[in-house]
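K.L.:
Assemble the complex: chain Z is given as a structure, and chain H must be docked to it using the hints.
Going down the list, the sequences are from chains Z and H.
Under our numbering, the residue at position 3 of the first sequence is numbered 3, and the numbers go up by one with no gaps.
Plus 1000 on top of the position in the second sequence (first one is 1) and you've got our numbering.
Since the hints were made in silico from the structure, they are not lab data.
You can take every hint at face value.
From the structure, some residues in chain H lie toward chain Z, with a derived Cβ separation under 7 Å:
#	residue
1	F1045
2	Y1048
3	I1055
4	D1056
5	S1101
6	F1107
7	G1110
Here are the simulated lysine-lysine pairs, DSSO-like style, with alpha carbons at most 30 Å apart:
#	chain 1	residue 1	chain 2	residue 2
8	H	K1112	H	K1015
9	Z	K106	H	K1062
10	H	K1011	H	K1112
11	Z	K106	H	K1015
12	Z	K70	Z	K56
13	Z	K3	H	K1062
A virtual CB, placed ideally from N, CA and C, is assigned to each residue, including glycine.
So you can see what is in the structure, the chains are spelled out below.
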Amino acid sequence: AQKVTQTQTSISVMEKTTVTMDCVYETQDSSYFLFWYKQTASGEIVFLIRQDSYKKENATVGHYSLNFQKPKSSIGLIITATQIEDSAVYFCAMRYTNAYKVIFGKGTHLHVLP
Amino acid sequence: NAGVIQTPRHKVTGKGQEATLWCEPISGHSAVFWYRQTIVQGLEFLTYFRNQAPIDDSGMPKERFSAQMPNQSHSTLKIQSTQPQDSAVYLCASSLEQQISNERLFFGHGTKLSVL
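Excised from the complex, chain H in its bound form:
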């Protein structure tokens, strides 16, 4: 079990460019979360998928950010027209989801996005 795999580990983009971040959840996990981590804001929830369906995107900035989960083995977070304030570590996590929400999250190592 390789754990949650995120690629790339580091990404540098110029202002206005697009960034696509990839996440491969643990096999058999039905829930995928995306978080953004900064010094100031801490761990901010972005979005949540369950069985590949988008369930809660209440944390996603309304413009420029989008997330997809085209199959059970990967999810992507896309940021269009990146801005310096998008610089952060983007973390993907997965979990087994059963009837109650007490399952732990397994985190990837994150993608550090730097927008110049």
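Isolated chain Z, as found in the complex:
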């Protein structure tokens, strides 16, 4: 069965520092896709970044990057030079190739302090 676990409920960091949010997943499939989404205080959920399981290179988009450790079934989100507006809830998600549902973790609430 698919399962995505985010153990960090809440993280506080100072502005302009780097933060890593953890995510581990359970899968019986060899091919899958991993996603990170951000939910702002208004409730809006937006896509941030994706990692394809068959790619060895870690994905990077702007100041977001991933630490993909396939043997550990781990996909960490790294945010560099954090800004106040990065304060939000971050969700990790997984989908098998040719599967239907996208499974989400329970989220990590990031607080960026001035």
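P.N.:
Using the frame of chain Z, we list chain H on its own:
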């Protein structure tokens, strides 16, 4: 592109009443998802349509919940005989579906359902 549109934004029902939630996906998107979000359970998958056909409803409660997609421009989630435990934010998302499942989801702002 207005994004995924969900109406109403807030709905208050009395226990036992029916609630119908509406979703208009992004034009051209062939996949529509419904999720329920609560503090305790997080984002729970409910159901998935592809090209208007119901494909996976494994997350739908067996009783009282139903979803339809009568045309490519809207989907509805109906909850009959609402109960207080149905109170949640119901989110609709759409995506371009190609041969592989790597497309991002675009979420609506959700409908906050409160059952009194």
